[in-house]
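2 protein chains.
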Amino acid sequence: MSAVCRSVRAVTPRIVKTVDEMLGLSARYSLERGITGFVPTMGSLHEGHLSLVRAAGELCDRVVVSIFVNPGQFAPGEDLDAYPRDFDRDLELLTELGVNYVFAPSPEQMYQWGYQTWIEVEGLSQLLCGKSRPTHFRGVCTVVAKLLNIVAPSLMFMGEKDFQQIVVLRRLIEDLNFRTRIIRCPIVREEDGLAMSSRNQRLDPEERARALCLRQALQMAQTAFENGMANPARLRNIMSEHVRNCGGRVDYFEFVDPASLQGVEHLEPGTRALGAVFVGKIRLIDNLEIQ
Amino acid sequence: MSAVCRSVRAVTPRIVKTVDEMLGLSARYSLERGITGFVPTMGSLHEGHLSLVRAAGELCDRVVVSIFVNPGQFAPGEDLDAYPRDFDRDLELLTELGVNYVFAPSPEQMYQWGYQTWIEVEGLSQLLCGKSRPTHFRGVCTVVAKLLNIVAPSLMFMGEKDFQQIVVLRRLIEDLNFRTRIIRCPIVREEDGLAMSSRNQRLDPEERARALCLRQALQMAQTAFENGMANPARLRNIMSEHVRNCGGRVDYFEFVDPASLQGVEHLEPGTRALGAVFVGKIRLIDNLEIQ
Chain B
1 MSAVCRSVRA
11 VTPRIVKTVD
21 EMLGLSARYS
31 LERGITGFVP
41 TMGSLHEGHL
51 SLVRAAGELC
61 DRVVVSIFVN
71 PGQFAPGEDL
81 DAYPRDFDRD
91 LELLTELGVN
101 YVFAPSPEQM
111 YQWGYQTWIE
121 VEGLSQLLCG
131 KSRPTHFRGV
141 CTVVAKLLNI
151 VAPSLMFMGE
161 KDFQQIVVLR
171 RLIEDLNFRT
181 RIIRCPIVRE
191 EDGLAMSSRN
201 QRLDPEERAR
211 ALCLRQALQM
221 AQTAFENGMA
231 NPARLRNIMS
241 EHVRNCGGRV
251 DYFEFVDPAS
261 LQGVEHLEPG
271 TRALGAVFVG
281 KIRLIDNLEI
291 Q
Chain U
1001 MSAVCRSVRA
1011 VTPRIVKTVD
1021 EMLGLSARYS
1031 LERGITGFVP
1041 TMGSLHEGHL
1051 SLVRAAGELC
1061 DRVVVSIFVN
1071 PGQFAPGEDL
1081 DAYPRDFDRD
1091 LELLTELGVN
1101 YVFAPSPEQM
1111 YQWGYQTWIE
1121 VEGLSQLLCG
1131 KSRPTHFRGV
1141 CTVVAKLLNI
1151 VAPSLMFMGE
1161 KDFQQIVVLR
1171 RLIEDLNFRT
1181 RIIRCPIVRE
1191 EDGLAMSSRN
1201 QRLDPEERAR
1211 ALCLRQALQM
1221 AQTAFENGMA
1231 NPARLRNIMS
1241 EHVRNCGGRV
1251 DYFEFVDPAS
1261 LQGVEHLEPG
1271 TRALGAVFVG
1281 KIRLIDNLEI
1291 Q
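The listed protein sequences derive, respectively, from chains B and U.
Using my numbering, you'd call the opening residue of the first sequence number 1 and step up by one each time.
Using my numbering, you'd call the opening residue of the second sequence number 1001 and step up by one each time.
Bear in mind the hints are in silico, worked out from the structure with no lab data behind them.
None of the values given here were measured: they were computed from a predicted structure.
Glycine is no exception: its CB is placed at the ideal position from the N, C-alpha and C atoms.
Watch out, some of these pointers could steer you wrong.
Only pairs whose alpha carbons sit at most 25 Å apart, straight line, appear in this in silico DMTMM-like list of lysine to aspartate or glutamate [said to hold, decoys possible]:
1. U:Lys1161 with U:Asp1090
2. B:Lys161 with B:Glu191
3. U:Lys1131 with U:Asp1251
4. B:Lys161 with B:Asp192
5. B:Lys17 with B:Glu32
6. B:Lys17 with U:Glu1174
7. U:Lys1017 with U:Glu1108
8. U:Lys1131 with B:Glu122
9. B:Lys131 with U:Glu1122
10. U:Lys1017 with B:Glu174
11. B:Lys161 with B:Glu47
12. B:Lys161 with B:Glu268
Restraint ranges, calculated between C-beta atoms of paired labels, are given here [claimed, not checked]:
13. B:Gly24 with U:Pro1071: 33 to 43 Å
14. B:Ser30 with U:Gly1270: 31 to 41 Å
15. B:Arg89 with U:Pro1076: 52 to 62 Å
16. B:Arg234 with U:Gly1077: 41 to 51 Å
17. B:Leu59 with U:Thr1012: 34 to 44 Å
18. B:Thr18 with U:Leu1031: 18 to 28 Å
19. U:Pro1258 with B:Pro76: 26 to 36 Å
20. U:Ile1015 with B:Glu32: 28 to 38 Å
21. B:Gly270 with U:Asp1086: 48 to 58 Å
22. U:Arg1189 with B:Arg85: 52 to 62 Å
23. U:Gly1077 with B:Arg85: 43 to 53 Å
24. B:Asn237 with U:Lys1131: 48 to 58 Å
Here chain B stands alone, though its shape is the one from the complex:
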């Protein structure tokens, strides 16, 4: 292959399957100049993930993407086994974007025999999604702390769809004195407005149409606020009714302070509206900033 030919082909990322190898690589690049950007994912990548990888590529000198469907953040009975996986396609997409390292450990690599350490951000983890998924953020916090130690990034890129996750992890990083900063990137949506999510591919065509009700309900809150309605309970009723009319089931709608995640008594610009609904068996989340 000529050098010219090679230069137009993207270089395949280095695929790292063991914790020890990734620890060794990050020890080495931490001694070199430059900023390491990190995008933690559970694979099954969509435009939302890719927007994070692109943002990392613009700001950083090297980019690490992890692909790990973390059993620690799924409760028994949740969709761990059904969660979509497609490593070959993920790798193709990451190769196109020029990612340097893909860290894809097995569950046994991350949770070795005798594993027993868990991290909990106590208050923030119990709100919103934490009410219906009480061990979810414990699993997220623990795996992210592990990944921060293993990858040693300067910047970690996360999407605003998982708004609560970002608030919880910022708290984790500040409380435990990790050196990584979280860069928050906007939600990427399908053309019709549905927030991109790996779980969307598990919706059948009829559910896919109904799934729009979540985004619509959040937009109804924004419109109602513009028309002078600022009462969370009344807004929640309108939104819930819309979701029910679309054949969805509301897990929650909340209006919260974006830093503390505490519910507000009256909406104001900057209030975050968050929702979770079930469409069929699939649980979807979305949020927006009230303006």
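We have chain B already, so just place chain U on it with the hints.
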């Protein structure tokens, strides 16, 4: 002051009072060559601590000692307020030993407003001392994880008096993929055999004499084992009786596997004998390896 004069005087360690300053210093020295040794303490230093500092000085290129009486590892009603403190004397001792950095943050520095993150090593923390101090190791694990992030040491030096603490923290480090290794150093004892502890200075002369019962009981187990007795329950009876006869109160005596801390059915060489007793209001711990 002449250079000669200066060379015979120990250089005062750099005293670091804020987390941000220590983070900045460790970021800098992590980019330099050399091994960073770390000795976490709650101050009120005695020969036990100093032996750890000396070991760090021999193996490492720079030594950081932290002095922080961690509120997180004291339960309400325990001796947080009564715990001895003498920063000036500690600093004198550390200056003599040529320590490079003394990290002495305030509780407000370590647990800022809104703090809510806790780390738990679930199984190991509930055994032995964890039975009578159920939140103790949660506090230890959390503060040590913070200190590892802030100080970024290669090696952390800990004394075998806190045997369970070392086992718990090794698990923490392995589970969360920290890069630090724990170096375990032998117990340092007073001339009469009492394990050194900052709490010893809170014993009055009569209690100080009775405090020997803990060490004596552990030695009785060793002697009984040499004479063919390997049954933990029978040994525990003998030991407890000795402590009671000395006017002490037994918290626990256990014979455990040194890695898992699980109780053994029969003693064998390598079994760890651990004990905790109250002498007056003071709780003392000690342990030995059965040989």
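Here is how each hint holds up against the structure:
1. Simply put, Lys1161 of chain U and Asp1090 of chain U have alpha-carbon atoms about 20 Å apart, close enough for the 25 Å limit, and the pair holds.
2. A threshold of 25 Å between alpha carbons decides the hint, and for Lys161 of chain B with Glu191 of chain B the separation of about 16 Å falls inside it, so the pair holds.
3. For a cut-off of 25 Å, the pair hint linking Lys1131 of chain U to Asp1251 of chain U stands: about 9 Å separates their Cα positions.
4. Taking the CA atoms of Lys161 of chain B and Asp192 of chain B, the gap is near 16 Å; set against the 25 Å cutoff, the hint holds.
5. Our distance criterion of 25 Å between C-alpha atoms is met by Lys17 of chain B and Glu32 of chain B, whose separation comes to about 23 Å.
6. With a C-alpha separation of about 18 Å, the suggested pairing of Lys17 of chain B with Glu1174 of chain U holds against the 25 Å cut-off.
7. Of the pairs offered as hints, the one joining Lys1017 of chain U and Glu1108 of chain U holds, with about 11 Å between alpha carbons and a cut-off of 25 Å not exceeded.
8. With a C-alpha separation of about 22 Å, the suggested pairing of Lys1131 of chain U with Glu122 of chain B holds against the 25 Å cut-off.
9. Straight-line distance between C-alpha atoms of Lys131 of chain B and Glu1122 of chain U comes to about 23 Å, which keeps the hinted pair within the 25 Å bound.
10. Of the pairs offered as hints, the one joining Lys1017 of chain U and Glu174 of chain B holds, with about 18 Å between alpha carbons and a cut-off of 25 Å not exceeded.
11. Taking the CA atoms of Lys161 of chain B and Glu47 of chain B, the gap is about 13 Å. The hint holds against a cut of 25 Å.
12. Restraint check: the Cα-Cα separation between Lys161 of chain B and Glu268 of chain B comes to about 20 Å, which is no more than 25 Å; the hinted pair holds.
13. A beta carbon spacing of about 37 Å between Gly24 of chain B and Pro1071 of chain U agrees with the range 33 to 43 Å that was offered as a hint.
14. A beta carbon spacing of about 38 Å between Ser30 of chain B and Gly1270 of chain U agrees with the range 31 to 41 Å that was offered as a hint.
15. Under the hint 52 to 62 Å, the C-beta atoms of Arg89 of chain B and Pro1076 of chain U, about 54 Å apart, fit the expected range.
16. Take Arg234 of chain B and Gly1077 of chain U: their Cβ atoms lie about 47 Å apart, and the range 41 to 51 Å holds.
17. Checking the proposed 34 to 44 Å range against Leu59 of chain B and Thr1012 of chain U shows it holds: the Cβ atoms sit about 41 Å from each other.
18. Checked against the hint of 18 to 28 Å, the C-beta distance between Thr18 of chain B and Leu1031 of chain U comes to roughly 26 Å, which is consistent with it.
19. At roughly 34 Å, the beta-carbon separation of Pro1258 of chain U and Pro76 of chain B lies within the given 26 to 36 Å, and the hint holds.
20. Between Ile1015 of chain U and Glu32 of chain B the beta carbons are some 32 Å apart, a value that agrees with the proposed interval 28 to 38 Å.
21. The supplied range of 48 to 58 Å is met by Gly270 of chain B and Asp1086 of chain U, whose beta-carbon atoms lie about 49 Å from each other.
22. Checking the proposed 52 to 62 Å range against Arg1189 of chain U and Arg85 of chain B shows it holds: the Cβ atoms sit about 57 Å from each other.
23. Remark: the range hint 43 to 53 Å for Gly1077 of chain U to Arg85 of chain B is upheld by a beta-carbon distance near 51 Å.
24. Taking 48 to 58 Å as the suggested C-beta distance range, the pair Asn237 of chain B and Lys1131 of chain U conforms, at roughly 50 Å.
Checked against the numbered hints above, the structure violates none of them.
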